[in-house]
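Protein chains in written order, with the working numbering: chain A, 1348 to 1706; chain B, 1348 to 1706; chain C, 1348 to 1706; chain D, 1348 to 1706.
Be careful, since some hints might not be right.
As the list claims (entries may be wrong) - Okay, derived cross-link-like pairs now, SDA-like style, lysine to any residue, Cα gap no bigger than 25 angstroms in a straight line:
1. D/K1705 / B/V1422
2. D/K1705 / C/R1605
3. B/K1623 / A/G1550
4. B/K1619 / A/N1664
5. B/K1661 / C/G1380
6. B/K1544 / A/R1600
7. C/K1623 / D/D1549
8. C/K1623 / D/G1550
9. D/K1544 / C/R1605
10. A/K1446 / B/N1615
11. A/K1446 / B/K1623
12. B/K1623 / A/Q1459
13. A/K1705 / C/G1380
14. C/K1407 / B/F1419
15. C/K1705 / A/A1493
16. A/K1368 / D/N1382
17. D/K1368 / A/A1389
18. C/K1661 / B/V1422
19. C/K1705 / C/A1495
20. C/K1368 / C/S1409
21. B/K1661 / C/G1421
22. A/K1705 / C/I1383
23. A/K1705 / C/T1562
24. D/K1671 / C/E1614
25. C/K1705 / A/G1550
26. A/K1671 / B/K1623
27. A/K1446 / B/L1612
28. C/K1368 / B/H1413
29. B/K1661 / A/G1563
30. C/K1446 / D/T1624
31. A/K1623 / B/N1615
32. C/K1705 / A/E1420
33. C/K1705 / A/I1383
34. D/K1446 / C/S1621
35. A/K1705 / C/E1420
36. B/K1623 / A/E1669
37. A/K1661 / B/Q1667
38. B/K1623 / A/E1657
These are computed hints drawn from the structure, not numbers from a lab.
4 protein chains.
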Amino acid sequence: MPGSTFGQIFKITTYGESHGKGIGVVIDGCPAGINITEEDIAIDLDRRRPGQSAIVTQRKESDTPHIMSGVFEGVTTGTPINIFIPNEDQRSKDYSHIKDAFRPSHADFTYQEKYGVRDYRGGGRSSARETAARVAAGVIAKKLLATAGVTITAYVDQVGHIQIPVESYPLDFRLIESNPVRCPDTATAEIMESYIKEVRKDGDTVGGVVSCLITGCPVGLGEPVFDRLHADLGKGMLSINAVKGFQYGSGFRAASMRGSAHNDLFENIGGKISTKTNNSGGIQGGISNGMDIYFSVAFKPVATIVPAQESVDKDGNPAQVEGKGRHDPCVVPRAVPIVEAMAALVLADHFLRARVAKL
Amino acid sequence: MPGSTFGQIFKITTYGESHGKGIGVVIDGCPAGINITEEDIAIDLDRRRPGQSAIVTQRKESDTPHIMSGVFEGVTTGTPINIFIPNEDQRSKDYSHIKDAFRPSHADFTYQEKYGVRDYRGGGRSSARETAARVAAGVIAKKLLATAGVTITAYVDQVGHIQIPVESYPLDFRLIESNPVRCPDTATAEIMESYIKEVRKDGDTVGGVVSCLITGCPVGLGEPVFDRLHADLGKGMLSINAVKGFQYGSGFRAASMRGSAHNDLFENIGGKISTKTNNSGGIQGGISNGMDIYFSVAFKPVATIVPAQESVDKDGNPAQVEGKGRHDPCVVPRAVPIVEAMAALVLADHFLRARVAKL
Amino acid sequence: MPGSTFGQIFKITTYGESHGKGIGVVIDGCPAGINITEEDIAIDLDRRRPGQSAIVTQRKESDTPHIMSGVFEGVTTGTPINIFIPNEDQRSKDYSHIKDAFRPSHADFTYQEKYGVRDYRGGGRSSARETAARVAAGVIAKKLLATAGVTITAYVDQVGHIQIPVESYPLDFRLIESNPVRCPDTATAEIMESYIKEVRKDGDTVGGVVSCLITGCPVGLGEPVFDRLHADLGKGMLSINAVKGFQYGSGFRAASMRGSAHNDLFENIGGKISTKTNNSGGIQGGISNGMDIYFSVAFKPVATIVPAQESVDKDGNPAQVEGKGRHDPCVVPRAVPIVEAMAALVLADHFLRARVAKL
Amino acid sequence: MPGSTFGQIFKITTYGESHGKGIGVVIDGCPAGINITEEDIAIDLDRRRPGQSAIVTQRKESDTPHIMSGVFEGVTTGTPINIFIPNEDQRSKDYSHIKDAFRPSHADFTYQEKYGVRDYRGGGRSSARETAARVAAGVIAKKLLATAGVTITAYVDQVGHIQIPVESYPLDFRLIESNPVRCPDTATAEIMESYIKEVRKDGDTVGGVVSCLITGCPVGLGEPVFDRLHADLGKGMLSINAVKGFQYGSGFRAASMRGSAHNDLFENIGGKISTKTNNSGGIQGGISNGMDIYFSVAFKPVATIVPAQESVDKDGNPAQVEGKGRHDPCVVPRAVPIVEAMAALVLADHFLRARVAKL
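From just these sequences and the hints, can you work out the full model?
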């Protein structure tokens, strides 16, 4: 059953495998009239690209986007936009050892069981390489949202046990791209970077948290009762490889709070109805209320590690698996543009969906 | 834009408001041949029902389900099943004071802005009463899943700052329904119950966490790349009123872990491929792997509190809002069957979707 | 797999069987702000109602619509609208003879084979009674379209071999409701009525054609390449019981024509771009062009006839089936409001879909 | 709003324009385990290809399909299959004259109005070139259906006023590909061919009818009440460029018939329940009954003709349009594989949908 489509109006379908001809996305439902170039798309792809720094995977991919349809003379025409990103540096032989064995905490076993066949090279369709297609689509979603004044900014909030300390707030988002970790608190970023290098030296990996802030979101986005704005944000984030949790606004912290402390009181600030606090995270009843939207996404450590691990093969026989493919010691620095892209895709879709709420 | 439908094959659409004629659900896509009666449905509705104990809202609703279509001689016929639950105890005059004012951290403001009109009585469509329709549909989903040996059990894990202590594990699920809190650790349940009563005495409310365990799930459920099983579980949970966060398997804890500790090694247990640990939470690459699925859901404190709160009215003028309607001091005891229902709806849908994966 | 939902934004789901508690429809995605009452809905239901004249089935159904949700103080709120129409005159024992036998050219056999179980009373879900729910939803769709100046008028064009002669054109639509056949050419209507009575006397039935004209449709409705406006109109019409064919604009006649004769030349009429002829039927490239939309729908003769027919039972044994239930000798007079309703549902959906075509 | 996706489970999304980089299709939901090669796909594309004979457009396109994803070692993997067909012979300058003018009975005007921008070269997205992508996808659908014994055969039934005479029945389908018209009655085919050449000499075009026969369809395909099998076939056909009408089984002829003559009586033929006649066209109540499915599709004459035609430009000023681009004098010979492809896509989708009807 199809599962590679996301969105109702701004609807994307991704395709492609890690070691096939390439990956890509078809966007159907993008309104006509948006200016877009391959160069625009490359900017965010470069932020997600392997090989961008010393703390990410060294696979060499230029990740060059090709707009194959739907754009005429630099403007979207309202027809399906296909963006194709060729694969370049596929060392498929790196993966012959896992043709029959299942890598721990990867999708090898489940794909094999579900489909009876799998492209084992680099994880095939289950590779995080697929997210490049989302980032490409996300750029167009961001362009659409920018026309309404919406900005989306993600950053690394935690790497392993290292978190941005409370005293570093408010954060200066201009510093996010100043370090390879994409943490706006530069002091913490350095500690994170060192830690990632240490983990890599061990042939190991580590998890982390990416947080995201959305400003300028108009009131009224989100479709009760199931397509609540945060429910779709949650689904979008949980659909990213390696994600284990999602919370928005007060999040899990809300469980310990009392209503009298948690409630956001309304006030009128110069004619605009706002709330004094924002535990709601900018969403009430599943609908944006005009305040900042913020949420956090937990990533598990990358499953590929260098040391040999015990496993089994297709026939259930014992097998050892070694981490031969190139991989990231920590996924969160490259996950930042992916989180932004998925947020943009959700928001763009709901931005368009909200157009038909009233007569 | 429609947002009241959930699922692709086992597809439900809920309707109704808190103080209208009633609420209900149409299930389209339920396979023919499932035995179902109104009595079956009433069992879970009774677990969600107001007035069931001293620690929940005292609104009097029998929540009697009426099967209006799709079932013939006690068996589903493959046609749409409409289940209707009449409203009985609507004290709509309780809500006249909020006709024009916005209750803090409710959906009054966002509905008004989005639609330009709203049924303000009891929150109208945004009321958690809508979840009764989900519970009703969930019963049929559970029946479908039971044919495959799947069981779903939710319970209260945390109320305010009170959590089940680690030393109470493993939990005895037979004790969940033995106390009004629905916490399987009876000692903790008592503390939780006292705390909820204390909070209620203050006219206040408190949040909590519901956890859920799914056993017997076949391998192969979940549709990459967007409709990953946990992404749909997450969306389902986040679509429940008052939910602020979702995590599965190792969850947010994974962010601090190393891959070498987090990876679940495969082993062959009597011919069945299993994993030695289960940080994956029974899902790998978005597809169930046959191990237990488990996740947690964070609920914020109920927004309706007794003390007067500052707010604004439709015209932006200051207004005071008092908590006149009946409400729950803590939502999690009644949320337990709702979490189960949404889990069942997700699983039933994916159970059917998985039927078409292979030739 | 669900099949009882129609539309993408103005989305309806019908439910119910011929001899159950009733039938109904949930409309999800109707914009807020439309005035609607049960009386409004009753008007079109009365045009579809059994027992309305001597030439239709004599089943006694008042077909009273009950708005169960989604409307507050006479105005749609943007939430799901459930309209329920109770069944009243179910003579289920009329159908006990077909519990095990398959009526020729009915859906008894296919439902039994597909689902393994069926509500045989009156055809259950396959009964044309289900279309009352569509008519009810269509009233709201018409209300929405009326705000944009769109009018939809269907009429009987052919009964058996009797067709409106060319010399009767242009037709006077005010006469449609002046006769029980719903044919705007009163002379032809009389001949049709006599013919239907003659057919009924034989215990037989006869087919016919309903045509439909839509005026005032804005330019730009229809979503290439699959959801062309006429493709969705065609699907809508073909989903009505007993429909065997659909054509729009020049229709099957176009097959014999040359391009030089068929092409509609553009002209500028007082600033409005129009076409001199309208073989396009108001739709070009699947998108409305502002000219009148017109199409025809062929209905087969009702399958239930009085004389005994040879058939088989569930076990494949020979069986005789007699037409004991009440039925229409000719379905097209009652089909007129159904065709209008389906047209309105398609147009309303595309009217809303077109809102997101451009930035 | 997206409109380039077709199907619920076997779901295709086409993309691309007539004179862009190419056209293509993403198939999401194709089951794993189907053998497929680019050579397989080329066979049907060659039947649709321009330049294949003297009576079709002379645009030179090899229409070479490239499988970009979803197939591993010649077998579908259950992941999205992207098939790309590069454009080769785009003479875009041929179209500069229609940059601002609207060709009569083309989609120039409606696209311009709907989207505010259009790729005018060769009709851009509205070009029938898009159907090559459907043919490519249809090949995989046919492969899937072949595993169940389903065959789909379309042929030219009418060109202009020339129809296959009744005395030529039964038809010998082996002769379809023996002549460039694709008419199985070779005598009629010759007359049709001459007629098409004559029409071409006039710089004119002519319409026609394609009929289609489906054998071996299992009982039970089709999802009441809206997704009736014939309703989806109808929509699929009506979504093909230039189609004006669709009828199945007895079709428009049914309007003149009496029930006693039209009803298909059931009989038991060696344990298989069949019908003595087949006015139902293999579908009852929207569900296949195991008999042959047959239908006809009316095509209008191609809108591009050589003689200059009066029109208007974007500003509403008078403009003359000449038929400079290469085009078909009659579309039906090339439409044969397109009709087959759309039929296969509908059947494949319903074949998979029917898998979840019963417990």
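The hints, checked one at a time:
1. D/K1705 / B/V1422: Cα-Cα ~12 angstroms, so holds.
2. D/K1705 / C/R1605: Not OK: D/K1705 and C/R1605 at ~50 angstroms, beyond 25 angstroms, violated.
3. B/K1623 / A/G1550: Satisfied, since the Cα-Cα distance of roughly 22 angstroms is no more than 25 angstroms.
4. B/K1619 / A/N1664: holds, 11 angstroms
5. B/K1661 / C/G1380: holds, 17 angstroms
6. B/K1544 / A/R1600: Since the Cα atoms of B/K1544 and A/R1600 sit roughly 21 angstroms apart, the hinted pair holds (cutoff 25 angstroms).
7. C/K1623 / D/D1549: holds, 23 angstroms
8. C/K1623 / D/G1550: Status holds; Cα separation ~22 angstroms.
9. D/K1544 / C/R1605: This hinted pair holds, its Cα atoms lying about 13 angstroms apart.
10. A/K1446 / B/N1615: holds, 18 angstroms
11. A/K1446 / B/K1623: holds, 22 angstroms
12. B/K1623 / A/Q1459: Roughly 19 angstroms separates the two Cα atoms, so the pair holds.
13. A/K1705 / C/G1380: holds, 6 angstroms
14. C/K1407 / B/F1419: The given pair, whose Cα atoms are some 23 angstroms apart, holds under the 25 angstroms limit.
15. C/K1705 / A/A1493: holds, 15 angstroms
16. A/K1368 / D/N1382: Holds, at roughly 19 angstroms.
17. D/K1368 / A/A1389: holds, 19 angstroms
18. C/K1661 / B/V1422: holds, 19 angstroms
19. C/K1705 / C/A1495: holds, 19 angstroms
20. C/K1368 / C/S1409: OK: C/K1368 and C/S1409 at ~14 angstroms, within 25 angstroms.
21. B/K1661 / C/G1421: Measuring from Cα to Cα gives roughly 21 angstroms; hence the hint holds.
22. A/K1705 / C/I1383: Distance ~15 angstroms between A/K1705 and C/I1383 Cα, so the pair holds.
23. A/K1705 / C/T1562: With Cα atoms ~24 angstroms apart, A/K1705 and C/T1562 stay inside 25 angstroms; holds.
24. D/K1671 / C/E1614: With a Cα-Cα distance of about 21 angstroms, the restraint between D/K1671 and C/E1614 holds, given a limit of 25 angstroms.
25. C/K1705 / A/G1550: violated, 51 angstroms
26. A/K1671 / B/K1623: holds, 23 angstroms
27. A/K1446 / B/L1612: The given pair, whose Cα atoms are some 17 angstroms apart, holds under the 25 angstroms limit.
28. C/K1368 / B/H1413: holds, 10 angstroms
29. B/K1661 / A/G1563: Roughly 22 angstroms separates the two Cα atoms, so the pair holds.
30. C/K1446 / D/T1624: holds, 23 angstroms
31. A/K1623 / B/N1615: Roughly 56 angstroms separates the two Cα atoms, so the pair is violated.
32. C/K1705 / A/E1420: Since the Cα atoms of C/K1705 and A/E1420 sit roughly 16 angstroms apart, the hinted pair holds (cutoff 25 angstroms).
33. C/K1705 / A/I1383: holds, 15 angstroms
34. D/K1446 / C/S1621: holds, 19 angstroms
35. A/K1705 / C/E1420: holds, 16 angstroms
36. B/K1623 / A/E1669: holds, 18 angstroms
37. A/K1661 / B/Q1667: violated, 66 angstroms
38. B/K1623 / A/E1657: holds, 10 angstroms
Taken one by one, the earlier hints fail for this structure at numbers 2, 25, 31, 37, listed in ascending order.
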